[in-house]
Structures are given as C-alpha cells and as structure tokens.
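Enquirer: Use these hints to put chain E onto chain L, whose structure you have.
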Amino acid sequence: MQTPTYAPTSLAAELRLPTNWLDYTILAIYFVVVLGIGLAARRSVRTSLDFFLSGRSLPAWITGLAFISANLAATEILGMAANSAQYGAYTVHWYWIGAIPAMVFLGLVMMPFYYGSKVRSVPEFLLLRFDKAAHLLSSALFAFAAVLIAGVNLYALALVVEALLGWPQWVAIVVAGALVLGYITLGGLSSAIYNEVLQFFVILAALIPITVLGLKKVGGWDGLTDKLTARHGADFTTAWGGTGIGEANPLGANWLTIVLGLGFVLSFGYWTTNFAEVQRALSAKNLSAGQRTPLIAAFPKIFIVFLVMIPGLVAAALVPNIGSKQSGLEYNDAIPYLMQELLPNGVLGIAVTGLLAAFMAGMAANVSSFNTVFTNDIWAKYVVRGREDEYYVRFGRLITVIGVCASVGTAFLASSFSNIMSYLQTLFSFFNVPMFVVFIVGMFWKRASAKSGFWGLLAGTTAAMINYFVFYKKGVISIPSDQGANFVSAIAGFVAGAVVMIAVSLFTKPKPAEELQGLVYGTRSPGMSEPPAEGDDAWYRKPALLGWGAVVLAAACYIPFSF
Amino acid sequence: MTERPEHRPEHYTEHDVQREVSELETKSATAARIFDLRRIIGGLFVVYGVIVTLTGITDSQAAIDKAEGVNINLWTGIGMLLLGIFFLAWLKLRPTVLPPEDDRTE
Chain L
26 MQTPTYAPTS LAAELRLPTN WLDYTILAIY FVVVLGIGLA ARRSVRTSLD FFLSGRSLPA
86 WITGLAFISA NLAATEILGM AANSAQYGAY TVHWYWIGAI PAMVFLGLVM MPFYYGSKVR
146 SVPEFLLLRF DKAAHLLSSA LFAFAAVLIA GVNLYALALV VEALLGWPQW VAIVVAGALV
206 LGYITLGGLS SAIYNEVLQF FVILAALIPI TVLGLKKVGG WDGLTDKLTA RHGADFTTAW
266 GGTGIGEANP LGANWLTIVL GLGFVLSFGY WTTNFAEVQR ALSAKNLSAG QRTPLIAAFP
326 KIFIVFLVMI PGLVAAALVP NIGSKQSGLE YNDAIPYLMQ ELLPNGVLGI AVTGLLAAFM
386 AGMAANVSSF NTVFTNDIWA KYVVRGREDE YYVRFGRLIT VIGVCASVGT AFLASSFSNI
446 MSYLQTLFSF FNVPMFVVFI VGMFWKRASA KSGFWGLLAG TTAAMINYFV FYKKGVISIP
506 SDQGANFVSA IAGFVAGAVV MIAVSLFTKP KPAEELQGLV YGTRSPGMSE PPAEGDDAWY
566 RKPALLGWGA VVLAAACYIP FSF
Chain E
195 MTERPEHRPE HYTEHDVQRE VSELETKSAT AARIFDLRRI IGGLFVVYGV IVTLTGITDS
255 QAAIDKAEGV NINLWTGIGM LLLGIFFLAW LKLRPTVLPP EDDRTE
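Here the protein sequences come in this chain order: L and E.
Using my numbering, the letters of the first sequence map in sequence onto residues 26 to 588.
Using my numbering, the letters of the second sequence map in sequence onto residues 195 to 300.
Same shape as in the complex, but just chain L:
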C-alpha cells in the first residue's frame, strides 16, 4: 500500500452521526444498485478472460476512473485527511510527486510491455521475463497481501460504521463482505470496475460539500492558513518548508528522501507493479486505451488531494489538540468529525454512502486482483494445469468466495490483534519496492538473467525490512518518524535489489534474445503492431500529450505551496 500505514484505530464514540430515514434510503439505493450491477454484468462473463480481465474490452474513461477509484479507498481518504491534520500540507507530496510521475511512467513507458505482451497479471510478466521462482514468489506474496489488505479494509469499515452509525462491528463486516462477494462472484472484474467508477462519483459528491463547508467555517483558505500558521508555524501550510537536509520537521523526512524515497521508489513500486492497479489498465480495450488508463486517472488524482487535505487541515484548525487525549479525537476522525458538524440529513446520507462505497471498492479491488492471480498464476500454472476454460471460471468464482471469507476472517482477527495487522501491512509494503527494481532492471537491461529476478526480489525485500525493523526500530540509525523511516527503507530496498540483480546476472546465463521479444525496452511483441483504433489519433487521446500534460500540471500545482 502506498497510503501511509495508519493502523485502523477506533474512532471516538461521540462521533455518532445524526442519520435519519432519508440517509438510510440513500444508502439502501446504493446497495441495490451495487448488486444490480453484479447481476447485470453476469451475462457478459463467458470466458475466464471476461471474468478476470473484462475480456480486455473496456473503454479508457471507465478503466481510468476505476484505476483512480481502486486507489481512492476509504483507508486512503481517512488516512490522507489524518496525514494532513498531523503533518499539514506535506500531504500534497503523496499526490503530486508521489503519484503523478509514476502514473505517467506506467502509461507511457510500461503499458506497451504489459498490454502488448498480453499478460493477464503482473506476476505473469515476471514469469515471461524471468523464471518460475520469481513468478511463484511474487504471486504468492501478492495473493497473501491482497487478502490481508482486503481484510484490513473491512475491519476499518467496521470501526467507522460502528462509530458513525452504531452498527455492531460484525454486522458491518458481514454486510460489506457479502455485498462485495455477491457482485464480484457474479460479474467478475467488470462489476468490480463498474462499481468503482460509480463509487468515484459518489465519493466526489460526498467530499466536495465537506470541503466547501469546512473552508467556509474557518474563513476561507486565508482564514485556514492564518489559524494554522498561528498554531503550528508557517511550514505547516507549505509543501517544502523545513525539508532541508538536517532541518527538523514533523514528517521526519527531507527533500531528498521525499523525492527519492516517496516520489521515486515507493510511488513507482506501488503504481507500476501493484496488480490491483495495473489490472484496471490491462482490462482496457486496446493498447491506446490501456496507456491512457493511468493517464486519465492522473488528472483527478492531481486535484483529489484538495478534497482530502483541506478537511484534514480544517479539522486541525477547529480542534486545537486533535490527535491527543484531551480532544477526544484521533487524526483519523477528521472527515467524520466534519460530517457530523456540518452536514444536514440528505447530504449526510450521500457522505455515508460515499465512505462505505469507498471501503467496499478498496476491498473489491484487492479481491478481484487476488482471484485473478490465484487462479491464473498459482492454480492454473502449478496445481491444475490444462483444464478447459470453464473450469477456471468456476474456480475463479470459488476462490473469490474463499478470498472474501479469508478477508472476513482477517477482519475479525484484526479486531483482536490490530498491532499485528499494522505490522504485517508494513511488512508487505516493503514488497512493492523490490518488485519495482526487478521490473525496471528487467525491462531496460537485456542482460538481466532469468535467475536474477528471484534474487533481486528477495534481497530488496530483506534489505528494506532489515532497515525498517532492525536499524530504525532498534535505533541503530536515527530517523524521527515512521514516515521518514519508510522512505529510507524503500531506498535501501531499491539499492540492494538492484545491486543483487546486477551481481547475479553477471554470474548466470542471460536469457536467449528470442525469449525477450516485447518484454525488454527496444524490442517489440507481435501484439504491439496493431493499428490504432478509429478515433484514437485525436489529439486529446495522444498518450504523450496527456502524460506530459499531467506532469506539467502537477508541477504547476506545487508553485503556490512552495513560496
């Protein structure tokens, strides 16, 4: 996960929202539509490709919005608002430098290899480029992490629902789990993606009123910055203030670790190799649409930061000691607090619906990528091979049921061992980093041998973990905060992975050139020679223009926050 690893903590009990029948009607309508989408998408599932990858046939605007939505889970929304309430405007880094460059890189540079080679998953690409060891290691870890994250999402949902609506935790877990199970088992990835697009608009309808009213309450942006500057100093509302090397700031990171650790290693690892994201782009209808998927997602991503950061900052301005015992509010409470304070019934129902939708979408993205990897990469390659396609569709449905049950179990476990869960989450967050090293070296260096993939993955993961759990936790090196330590660990994992890959490659046989066609930069796969579809040559559909446009826009957004 790219989101800062906030352990799901209980929200304050006094955050109970004054919901009425109207709000519940709005929520009920949403639940009906969600299941309806699953039922209606069912008839489009004929092959395993339909079930796991929507038949590679969806238009770019749908896959693009699903791409952003799969990331815009509620843990991200609440976590980023919490991040802002705690650290201030530094949050913009997770968006403008920590997402946009990586998304553009995925669209412009990596998608031709992913989409053109026709792989169905990120691990499958590793199988083609490296060997079975790298494939199995990455598939197994991904499958495990996906279930875990789905479970953590579900547990976080239960906590929020308990605090806001007063439902017992197990009711929320079972209801949300059953809904996700229902629509994915029925309609496969198509219904997951369709629901994600729907969720995108509902969450916007929830966050925009909160942001606007929140700003009004504190006297606009000027009133907000005045209040925060008076309390936390001028750096609190700037992006780079206090991030010089050696300077102290609450984030515990300097500009170099922000740019390299967050902007380069962590963000590229998450956005370009996390299959829960990449799967959305792989389900697009052609290479151009696949390339445009992360690029279309980049534009909303640039602006969504305002909708999560401003509520966080407003909460920090309104509740002077938020995050401490006296205030009774956790940082995570920022958005629920504003919902309670500002929203009348009606919009309140929309906001509750948006939050629940975002939790379910976050869970569904993980479940739908889990069932794909487990079926295609583990079951069909190592356990039961060569059966007819219908068998794998049936198996995919079965493993969806098992996966959802496992995440429900994880959610219940998390409620008794929440420390272990946040520990595990941190553990897995280190796995994306070496994945990225292996991809980047494998894609750009023909000489990288088949064996180097596995050892690079292993070495990178180990190095990141050693840095975090031994050097940082035991105090061998001093880093002021978990976030700062995360960034440094990511850099350590990247360097270790790259060094080990190069060393192993030099001592092992290279892969024959004919097995690398379309997998390494400078080669082409047969799938890439398709002519562009009609209408794709319009200027506004040019990937390069969209991609560079997003980068320029993100850079421009930094200007008002830099001086």
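Take the hints with a grain of salt, since some may be wrong.
Claimed, not checked - The calculated DSS-like cross-link candidates involving lysine-lysine, where the alpha carbons are at most 27 Å apart (straight line), are:
#: 1; chain 1: L; residue 1: Lys-471; chain 2: L; residue 2: Lys-157
#: 2; chain 1: E; residue 1: Lys-286; chain 2: L; residue 2: Lys-567
#: 3; chain 1: L; residue 1: Lys-534; chain 2: L; residue 2: Lys-471
#: 4; chain 1: L; residue 1: Lys-310; chain 2: L; residue 2: Lys-567
#: 5; chain 1: L; residue 1: Lys-567; chain 2: L; residue 2: Lys-406
#: 6; chain 1: L; residue 1: Lys-406; chain 2: E; residue 2: Lys-221
#: 7; chain 1: L; residue 1: Lys-310; chain 2: E; residue 2: Lys-221
#: 8; chain 1: L; residue 1: Lys-310; chain 2: E; residue 2: Lys-286
#: 9; chain 1: L; residue 1: Lys-310; chain 2: L; residue 2: Lys-406
#: 10; chain 1: L; residue 1: Lys-350; chain 2: L; residue 2: Lys-242
#: 11; chain 1: L; residue 1: Lys-350; chain 2: L; residue 2: Lys-498
#: 12; chain 1: L; residue 1: Lys-241; chain 2: L; residue 2: Lys-252
Stated by the list, open to error - Covered, in the sense of this in silico footprint (three residues per stretch, anywhere, with C-beta under 8 Å from a C-beta of chain L), are these stretches of chain E:
#: 13; region: 207-213
#: 14; region: 239-246
#: 15; region: 269-280
#: 16; region: 283-289
To be verified - Cβ-to-Cβ under 8 Å is the rule here; a few derived chain E residues that face chain L:
#: 17; residue: Leu-218
#: 18; residue: Glu-219
#: 19; residue: Lys-221
#: 20; residue: Ile-234
#: 21; residue: Ala-257
#: 22; residue: Lys-260
#: 23; residue: Ala-261
#: 24; residue: Val-264
#: 25; residue: Ile-266
Source of the hints: derived by calculation from the structure; they are not laboratory data.
Predicted, not measured: the structure shown is a model, and the values here were computed from it.
Every residue gets a Cβ at the ideal spot worked out from N, C-alpha and C, and that includes glycine.
Expert: Relative to chain L, chain E alone:
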C-alpha cells in the same frame, strides 16, 4: 546471444500467453454483452439529485444553519442532478457502439 540449448516444453513463453489470450479474446463476451455504465451512473445520480434537491427545498432553517448558512442539500442535489443528466445526454448523443463482428464473433 546463443541458440536455445534444448527444447523445454515446460517453459512458458510469451507465445503461449499470446496464443491463449488471443484465443480467449475471440470467445470473449464482455464487449458484446456488457451494459452501458453511463445509463447506471446517469440513473443513480438523477435519482439522488432529485431526492437531495427536494430535501434542500424543504429543509428547515436548522439544517441550513448547521451547514454554515448554505443550503448544501439544494446545491449538492442540483450538482448531482446535472451530472446524472450529463451521463444520460452523453449516452443519447453517442449510443453504445457494438464491436465489429469480425474480431468478436461468437
């Protein structure tokens, strides 16, 4: 680079993936049979828009005071209604195009 030393039937190559996926693509039903999402988004947001707008019109002063004196239900409702209408209009103006028969036949 050297020739492949021996034939390895176990080895899974890009050609296998290309062949498998291309074969599945010809049988895939998603493109031909999936409904148009714009209808769902349009429908849901028109319904939500109407509900929330009506709530806004009939809101008590207390509800408006809570929202900093803004009739937030009215404005959000209108916004959602417009979004819903946008999707329905888009659907009307650019109806679903079924893919050409030659590459997605049954």
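Enquirer: If a hint holds in the structure, say so; if it doesn't, say that too.
Expert: Status of the hints after comparison with the structure:
no. : hint                  : verdict
1   : Lys-471/L x Lys-157/L : holds (18 Å)
2   : Lys-286/E x Lys-567/L : holds (26 Å)
3   : Lys-534/L x Lys-471/L : holds (12 Å)
4   : Lys-310/L x Lys-567/L : holds (16 Å)
5   : Lys-567/L x Lys-406/L : violated (37 Å)
6   : Lys-406/L x Lys-221/E : holds (21 Å)
7   : Lys-310/L x Lys-221/E : holds (15 Å)
8   : Lys-310/L x Lys-286/E : holds (22 Å)
9   : Lys-310/L x Lys-406/L : holds (25 Å)
10  : Lys-350/L x Lys-242/L : holds (24 Å)
11  : Lys-350/L x Lys-498/L : holds (25 Å)
12  : Lys-241/L x Lys-252/L : holds (13 Å)
13  : 207-213               : holds (count 4)
14  : 239-246               : holds (count 5)
15  : 269-280               : holds (count 6)
16  : 283-289               : violated (count 0)
17  : Leu-218               : holds (4 Å)
18  : Glu-219               : holds (6 Å)
19  : Lys-221               : holds (5 Å)
20  : Ile-234               : holds (6 Å)
21  : Ala-257               : holds (4 Å)
22  : Lys-260               : holds (5 Å)
23  : Ala-261               : holds (6 Å)
24  : Val-264               : holds (6 Å)
25  : Ile-266               : holds (5 Å)
In the structure shown, a violation is registered for the earlier hints numbered 5, 16, in ascending order.
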